[in-house]
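**Q** Now for the letters of each chain:
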Amino acid sequence: MVLTMKHHLTKGFPKLLLSLLLVLSSLFATAQEISGDAANGKKIFKTNCAACHALDRKLIGPALSDVTERRSTEWLVRWIINNQELRESGDADAIAIFEEYNGSVMTAFPNLSESDVMDILAYTIEGDKKAAPADETGGGEIAASDEKGDNTVLLLILGGILLFLVILLARVKNTLKQVKGEPTSTIIEDTDRITRAALKNSRVLTLITIVISIVFLQQLYYGLMSVGINDEYQPEQPIKFSHKLHAGENQIDCNYCHYGARKGKHSNIPSAGVCMNCHMYVQEGPKYGKEEIAKIYAAVGWDAENSQYIEGYEQKPIKWVRIHNLPDLAYFNHSQHVTAGQIACQECHGPIEEMEEVYQYSPLTMGWCINCHRETQVKVESNDYYTEMHEKLKEKYGADAKITVEMIGGLECGKCHY
Amino acid sequence: MAENKKYWKGIEELVDSEVVQKMRDNEFAEKLPVDEFLGDKAKLEDSSTSRRDFLKMMGFSTAAATLAACEAPIVESIPYVVAPEEIIPGIPNYYATTFSNGYDYASILVKTREGRPIKIEHNTMAGINGSANARVHASVLNLYDATRLQSPLISGKKATWSDVDSQLKKDLDSVAASGKQVVFLTSSILSPTTKKLIKEFGSQYANFKHVTYDAYSYSGKLDALKAATGKRALPIYNFQNADVIVSFGADFLGDWIGQGVSADYAKRRVPGKNMSRHLQFETNLSLTGSNADKRYKLKPSELGSALVALYNEVAKAKGVASLPGGKTALTSQIKQVAKELLKAGSKGLVVSGSNNADIEAITIGINDLLGNSGMTVDYSKRTYFRQGDDAAMKQLIADMNSGNVGALFIHNLNPVYRLANEDSFAKGLEKVSASVYFSEKNDETAQKVKYVCARHNYLESWGDAMPADGHYSLQQPLIRPLFNTRQMEDCLMAWSGKTGTYHNYLAANWQGILNGKDWQQVLHDGVFKSDTVATTTESEVTETGVAEENTEEASETSPSLNFSAQRLAKASNQGFEIQFYQKSGMGIGDLANNPWLLELPDPISRVSWDNYITISAADALEKGLNNWNESNGALNGDVVNITVNGKTIENVPVFIQPGQAHGTIGLAVGYGRSGAGKAADGVGVNAFALMNGQHNASGLSIEKAEGEHEFACVQLAHTMMGRKIVNETSLDRYLHEPPSTERGDGWNQQIVFETYKGPLGAEETNLWDDFDHETGHMWNMSIDLNLCNGCGACVIACHSENNVPVVGKEEMRKHRDMHWLRIDRYYSSDMTEEKAEEEGIGAIEKFAEMEHPAESPDVFFQPIMCQHCNHAPCETVCPVAATTHSAEGLNHMAYNRCIGTRYCANNCPYKVRRFNWFLYHDNEKNFGVNYAMNDDLGRMVLNPDVTVRSRGVMEKCSMCIQNIQYAKLEAKKAGRKLKDGDINCACESACDTGAIVFGDVNDKDSRVFKMKQDKRMYHLLEEVGTQPSVFYQTKVKNRA
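Protein sequences, first through last, are from chains B and D. Position in the first sequence counted from 1, then plus 748, gives you the working numbering. Position in the second sequence counted from 1, then plus 50, gives you the working numbering.
Because the hints were derived from the structure by calculation, they are not lab data. Worth double-checking, as some hints may not be accurate.
[Said to hold, decoys possible] One side only, chain B facing chain D, incomplete, derived with CB under 8 Å:
1) Ala1020
2) Glu1040
3) Lys1067
4) Val1069
5) Asp1076
6) Met1137
7) Tyr1166
[What the hints assert, rightly or not] Straight-line alpha carbon distances no greater than 25 Å define the calculated DSS-like cross-link-like pairs of lysine-lysine that follow:
8) B:Lys1144 to D:Lys1027
9) D:Lys1027 to B:Lys1150
10) D:Lys1027 to B:Lys1011
11) D:Lys230 to D:Lys208
12) D:Lys1023 to B:Lys1140
13) D:Lys1062 to B:Lys1140
Fair warning: this is a prediction, and the values are worked out from it, not measured in the lab. Glycine included, C-beta positions come from ideal geometry on N, C-alpha and C.
So here's chain B without its partners, still in its complex pose (with noise of 0.2 Å):
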């Protein structure tokens, strides 16, 4: 703990100022040539161009970040505005770019004003201040893990505290004894002699006997009932994947990735044919940088330089490790859950929006399934598969008594195990 916090201290703080540096000489370098609002340019660029343009790469399209450089800024708005119109004026440096990159043409957007394009091209020189917020972020961490190393510290001050008091007074005792004309004893003599009474009497002896067994056959059966469970369960993945980002802060709806759970048995992990669908595109993430999404590429195929599939290329799985295991005897079916009985992901995943690194959050045992069975009520509305069920249920459980999955049989043996 406090080596890492050292490490953090260390590496954090030139890095804070190189990018203090950055960002003010990025201003200074907005303020100059081009007047926009570079944030409302980002946003307008991340809808628009991000598909095919980076700022400091070549995408589909070139690499924008120093385009201001390389064109006008008039050309540039009738560009982006309307390239088809710029070719067909006859425009030499527009044809030749659409030459350069093979004929494919980019998208005209007559939607956007004037202010916007500048808005865009403001935020192509200011570019992304993410180095500066993630160390931000970073300096929090620091601080925080400050805090608790702060209450260890303080503990063991404490504890410091009260062991020089207890010597202090057996300084003291043996002192006032010593006045006395008594015979003084060391702190180790004195328990040692309360020991050796204690331990021979019989009560106590009994009451310490009473005590350990108690503690000890509370931990061993703490500690056999939790053989197998295994929640927390938090195990290294071999991509830094984080629900957090995906799933919490852009939103990506969990059945866009794991589609199996509403169809099938099987919440399926996706396949990095899935991960391509954006990550084609989207290159490098705000924590990780490239060197994450990287290990997606390396498993496809994908040639990110050049934006293409390498061919011929022996694709190689990404091997996740499993978090929830049920064991093989326990039949499971997501789309029952997820699509039957409409229960969000959540219930059982927990705040998977809010992981960085996904553990298992539930126990998944078999108590833990059978109570949810016995409380959860099922969704007989609407369902024409239960109309006739329920019928006959209202007439054996009363017209307004809540259905739950136990009544429908959902505690029965063989409706799991077979």
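Since chain B is already given, all that's left is putting chain D on it; use the hints.
**A** Just chain D now, with coordinates in the frame of chain B:
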């Protein structure tokens, strides 16, 4: 009285030599090296490890190891890199394809999970053979057989395909230069595209022939058809139109000419005024004979005369000249049969199952007299399941031996095994310089040829078939080839210098067949019915000049009925006769290395893992042959040596078979393999070694041999001892009498108990509280004993759906079979309650007599699975509540709760619970034959939705609860009511006669609800008050 006896350890002791003295003093003959580690006292004392320390450490490390085992292992979860669009993990996909191996043909659907084929289902869209039999159901396991050939071989050594191509090219060039024959030898090929390709391949050679030969040949039948109808092809038989069916040795419900007729037959076996009448003349007790209303036994040699007699009776009535001969012992019976046939007229049908052209000619003659063409026999449309030509084969063998054949290609046929009767084929093969064999196995023929072309399994291949005029089907691969194999057609493409794959060739050829229909749609449906396409011409059926020559020859010798009758009259009936037959599991042994099929008990004898001779009790007594049971119930029997025409097979086990004609024995083909794989090799004897092309032989000698044989027969009691197990009645009684009477003699008598409350039915007299079976579903199953013909397809389907283990012969012998669904077979006995009463026979004698089946018994089949009792005896005795009841009327079994006390099995009146005595999976050493559970490849066939049970656990039929849950879930997801028929119980969907119906009796529109109201309905052992969810429909035989 204690005596001080002295025992010598040996004669040496008597002599009392010095050596003995020494040995007596030293307990251990050799010096134990104890001193080395105990002798050195100093060293021992130096050692810091005392015995106590050692024990402590031992204890600690054991405890540590135990604790460490609690740590969950890391489970990797590996997704696709790029997921195939059509696969969603956990959801099965079904694809239509075709099974056609020259013997069986079926249009099927294959269930795949995550790309693995795991189960075969019927293709209900098919117009012909849309249902799979037991073999086709089991064929999916053969795909995962690790003993399949994994690469081509040249002269027995592993080779590459390019080696094969180049070397064979050289060989073929030299054969072509020498002008010797190039011959393609196959079993019946149904594929028009394959035939075209073979023809095109042959056109490269001046002297090319295509010879077709069927292992269990119907060449004689085809010749007779050629003579009578001008076309050498089988007609379509319409059993659903037949009022009276008379079969002369045709086992059409078992294995006949390839056309699947059991569903059509079953349509008319529903009791009522419209029920057909089925009369059977035969030698062995066959599956078809077991289902007949009346069965007559005769020797194979008497079959011809009986037919002629029948012809004469019919001819007499029709005013046609009669034939010579026709002397038969069954004159009065034949007269009766003729009367019935004449009454049915064009709705009568006579079928025969022999390879004798004369017998077939007479059969065709009788059918013509009845005028049933177009009604029950359709000559206008033909089937092509059997095309073999015995004469052409004979010619080929002669040519091979005279050295005229330069190259021989063998496909879908294992001639060295099938023609084991004479070694002329094997000898001739040695003289063929370029012999090529397309095979999945390194089998008998593979060991004798130069090139073995490792072939795809049918689930890896492209193909097509035209089983009958106007009916087409497609075959598509379900999985990438598992090994370095190539399908026969692709080999031919390469060797005839064609570019592209057979897939392209097939698609191109189909443009002509499709006539504008969409290829994708036909591929999806699997079948294609064409009315516009003209029926095939003669030249397309018989491919080559040789075949045509022979058919001409056949037509020359093809006799008028008179000649046929004369020849039949002369048939020798000297001595014992043998009838060769095919078991509904093994067939001709093409899929031999299939433990599911090997373990499937024969429907009649209930013996698995064997073939044997069947002999009547009287003949056995005369010959001093015997069957007896060991103290554990296992069956043993004598063995004999049998000789036919100078060929002998030794040590053939004897099985005493009720219903076997006197003076005859039966022997099943398809066993006695070598090189087929570890499950099949060495099981049984090769009957082909005695079979000379014909289905029977006479002049047989049987000689008792030394030793005894151990059978694996799973049924001990063969009669019902007067109990209502299979409830049986006659059509007459069914139509005219009430099922239940007050006198208690109804044909489906309800059981009534006299109680203090008055007479009460079994349902009302019980101690238990009833479950609520009104709310939600209530699953019931109806089994119609009239429609069940005992074929065993359901047993195999259950195997493959529910991961039922195979236990092997030794365990089967101990009645430890694991079949969740078994088909019990009962014989009638000559002794009945009524007879005993009439004749004043005492109880002991009566029951002793009742145990013996009659000489010509009625046979009953009864599929029995867990009856899912609503007052289940098993549930009340389970000490750990591992088996419990569901509100939906099922009896659940939680394997992981089971501790294996077996109380439940002991308390089950139906004996349907199965106990895992051993670990049948992952136990290669002891249960290696069960490769479906013991090697990595075999395990791919397992159904991932069903737990593989471990040792010490009880198991039983679950009514395919995985499919019930699946269907319910699909309905819930779609927000619709569950429809009748949504649920696919493996046995129900495997049954092509519709004998098994599963459904929800709370759904008043369901089929099962209607079946439950039927007056034939009864519960098995109703009197014990178990209230089963399974019920049976009374068996009604069409007789007075």
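**Q** Each hint needs a verdict: does it hold in this structure or not?
**A** Going down the list of hints, with the structure as the test:
Because the beta carbon of alanine 1020 of chain B sits about 5 Å from the nearest beta carbon in chain D, less than 8 Å, this interface hint is met. At its closest, the beta carbon of glutamate 1040 of chain B sits 17 Å from a beta carbon of chain D; the interface hint therefore is violated under the 8 Å criterion. Nearest Cβ of chain D to the Cβ of lysine 1067 of chain B: about 5 Å, under the 8 Å cut. The hint holds. The beta carbon of valine 1069 of chain B comes within 6 Å of a beta carbon in chain D, closer than 8 Å, and the hint placing it at the interface holds.
Annotation: interface hint on aspartate 1076 of chain B holds; nearest CB of chain D at approximately 6 Å, less than 8 Å. Taken as an interface hint, methionine 1137 of chain B checks out: its beta carbon lies about 5 Å from the nearest beta carbon of chain D, inside 8 Å. For tyrosine 1166 of chain B, the shortest C-beta to C-beta distance to chain D is roughly 5 Å, which falls under 8 Å, so the interface hint holds. The hinted pair formed by lysine 1144 of chain B and lysine 1027 of chain D meets the criterion: a straight-line CA distance of about 21 Å does not exceed 25 Å.
Restraint check: the Cα-Cα separation between lysine 1027 of chain D and lysine 1150 of chain B comes to about 21 Å, which is no more than 25 Å; the hinted pair holds. Distance restraint check for lysine 1027 of chain D and lysine 1011 of chain B: the Cα-Cα separation of roughly 18 Å lies within the 25 Å cut-off, and the hinted pair is therefore satisfied. At most 25 Å may separate the alpha-carbon atoms for a hinted pair to count; lysine 230 of chain D and lysine 208 of chain D exceed this at roughly 28 Å. Simply put, lysine 1023 of chain D and lysine 1140 of chain B have alpha-carbon atoms about 21 Å apart, close enough for the 25 Å limit, and the pair holds.
For the hint pairing lysine 1062 of chain D with lysine 1140 of chain B, the CA-to-CA distance comes to about 22 Å; that is within 25 Å, so the pair holds.
Checked against the numbered hints listed earlier, the structure breaks hints 2 and 11; every other hint is satisfied.
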